[in-house]
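Student: One letter stands for each residue in the lines below.
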Amino acid sequence: MIDRIAAFGRLGLDIVSSFGRSGRFLAGVLGGVPRPATGFPLLMKQIYAVGVLSLAIVVVSGLFIGMVLGLQGYTILSDYGSEAAIGQMIALTLVRELGPVVTALLFAGRAGSALTAEIGLMKATEQLSSMEMMGVDPLRRVIAPRLWAGFIAMPVLAVIFSVVGIWGGMLVGVDWLGVFEGSFWGNMQSSVDFVDDVLNGVIKSVVFGFVCAWIAVYQGYDCVPTSAGISSATTKTVVYSSLAVLGLDFVLTAVMFGDF
Amino acid sequence: MNSPAYISLKDVVFSRSGRRIFDGVSLDIPRGKITAIMGPSGTGKTTLLRLIGGQLRPDSGSVVVDGHEVPKLKRKALYSLREKMGMLFQSGALFTDLSVFENVAFPLRVHTKLPEDMIRDVVLMKLEAVGLRGARQLMPSELSGGMTRRVALARSIALDPELIMYDEPFAGQDPIAMGVLVKLIRDLNSSMGLTSVLVSHDVPESLSICHYACIISDGKVIGEGTPEELRAHPSGKVQQFLQGQPDGPVPFHYPAEGAASDFGLSGGAS
Chain H
1 MIDRIAAFGR LGLDIVSSFG RSGRFLAGVL GGVPRPATGF PLLMKQIYAV GVLSLAIVVV
61 SGLFIGMVLG LQGYTILSDY GSEAAIGQMI ALTLVRELGP VVTALLFAGR AGSALTAEIG
121 LMKATEQLSS MEMMGVDPLR RVIAPRLWAG FIAMPVLAVI FSVVGIWGGM LVGVDWLGVF
181 EGSFWGNMQS SVDFVDDVLN GVIKSVVFGF VCAWIAVYQG YDCVPTSAGI SSATTKTVVY
241 SSLAVLGLDF VLTAVMFGDF
Chain C
1 MNSPAYISLK DVVFSRSGRR IFDGVSLDIP RGKITAIMGP SGTGKTTLLR LIGGQLRPDS
61 GSVVVDGHEV PKLKRKALYS LREKMGMLFQ SGALFTDLSV FENVAFPLRV HTKLPEDMIR
121 DVVLMKLEAV GLRGARQLMP SELSGGMTRR VALARSIALD PELIMYDEPF AGQDPIAMGV
181 LVKLIRDLNS SMGLTSVLVS HDVPESLSIC HYACIISDGK VIGEGTPEEL RAHPSGKVQQ
241 FLQGQPDGPV PFHYPAEGAA SDFGLSGGAS
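Top line first, the protein sequences correspond to chains H and C. With the first letter of the first sequence counted as 1, position 39 gets the number 39 in UniProt numbering; the numbers rise by one all the way through. With the first letter of the second sequence counted as 1, position 104 gets the number 104 in UniProt numbering; the numbers rise by one all the way through.
Result set (DMTMM-like, lysine to aspartate or glutamate): computed pairs, CA atoms no more than 25 Å apart in a straight line:
id, chain 1, residue 1, chain 2, residue 2
1, C, K74, H, D137
2, C, K45, C, D202
3, C, K76, H, D222
4, C, K45, C, E83
5, C, K33, C, E69
6, C, K45, C, D174
7, C, K237, C, D202
8, H, K45, C, E116
9, C, K45, H, D137
10, C, K45, H, D222
11, C, K113, C, E162
12, C, K72, C, E83
13, C, K84, H, D137
14, C, K74, H, D222
15, C, K113, C, D97
16, C, K113, H, D137
17, C, K84, C, D160
18, C, K113, C, E128
19, C, K84, C, D187
20, H, K45, C, D97
21, C, K183, C, E224
22, C, K76, H, D137
23, C, K33, C, D187
24, C, K113, C, E83
25, C, K237, C, D28
26, H, K45, C, E142
27, C, K220, C, E69
28, C, K84, C, D28
29, C, K183, C, E228
30, H, K45, C, E102
31, C, K72, H, D137
32, C, K33, C, E83
33, C, K76, C, D66
Note that these hints are calculated values from the structure, not bench results. Keep in mind the model is a prediction, meaning the values are calculated, not measured.
So that you can see chain H by itself, here it is in the shape it has in the complex:
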């Protein structure tokens, strides 16, 4: 019994100390003022790696999710004879929820895991150490551009996801199932509010992007530099990011849309 209490206490201590370390880590990463001349090319390279290379999976997923929404929405709404509302249903679902959340989950799986593995391997092969010994702070040279890249790329990806999703929903709803195009777009325009819906969705994706990138680079930097350590860090990145995204989504939704 005492053992269990002690183990529980140790678990608590581990969690708190891990939060503390990641916080100090974040302060170290964001503390430095980047020099534009060296920082900009590094940032561009990382935005390409985490953002542009994630485009394919984001576009394809967005298209299919939009098309599924079109089908499901049509089946449900046609029971009530209101299939003309399908445009606003698809747009609101995507812009408010599915766009930011699904993109963040895809981002954690596609880009976050890659970031963790890359940084972990750099640590295991002493590349980070050797950089430090050359008088270059790896937090600023290696970690900071990756963190900022995730932060910048994620909202853009989420917007692209929503746009492609709406287009996919239109393909199914209008072109295939024959909903009148005017009411599809018209209903959408009259019901989707820029600040309440679009902007709140973007804010969500900014938060998710930051959290996913933070978890990914921290797990890579903090991992045990062995093959088992890197594999466990990569798994943790995906699991923690997904949980954090879903949990934060609830909190953010409650704050944004919860004032009844």
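Guided by the hints, dock chain C onto chain H, whose structure is given.
Tutor: Only chain C this time, still in chain H's reference frame:
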């Protein structure tokens, strides 16, 4: 400032995850010479280099490099001190996403504002010094182990440091690569006037090039002096290490309970 000792460690105590790695190590590393630090695996030789480079802080004691008390330096001062240090890691630690040329150019690009054609000249000179000018376009994955270390060596001397630290430079090298490295370490030391610290457990190679050597075991310095002094050292541990005897003051057997009870021979006297 210009004291004969470039690095001076005094009563350094360091423990990691509950294990005491150094228990009062004091050591002077003379300026402009090659000093070998030897000892059995796992005695924290690499840790010693990290203490000198300020990547780790001792629990107590002082680490002075070129007049600077390393553990007390502020971040910025520490990073500028490190520009005067080069370190050759055991794995080479080349940046795998950069070519040989870009690896050697990396410290120059970060720390100097040299124009591109000057960087090119410096990089080619450094690569020429290690005999790899022709390999500049290769990627690190295309290099053999010995070549990797030579490129890493070129990179660590790119900024013309005052101090260079070699972490196990001979481990896992074939005889030719080893010979090349021995020659390079000796030549660099004499031509550039570097202070060199060499951490190794390859006794003959290390003793053949160093001016001073020091043997660390169980967290303490057990013998130091010139190679000749060490060979004549009275300590049994030093002799066992230098001659590579399997059993002696450092026992062959890891401490264990009595063999009789372990093998289940109850009542058997052992």
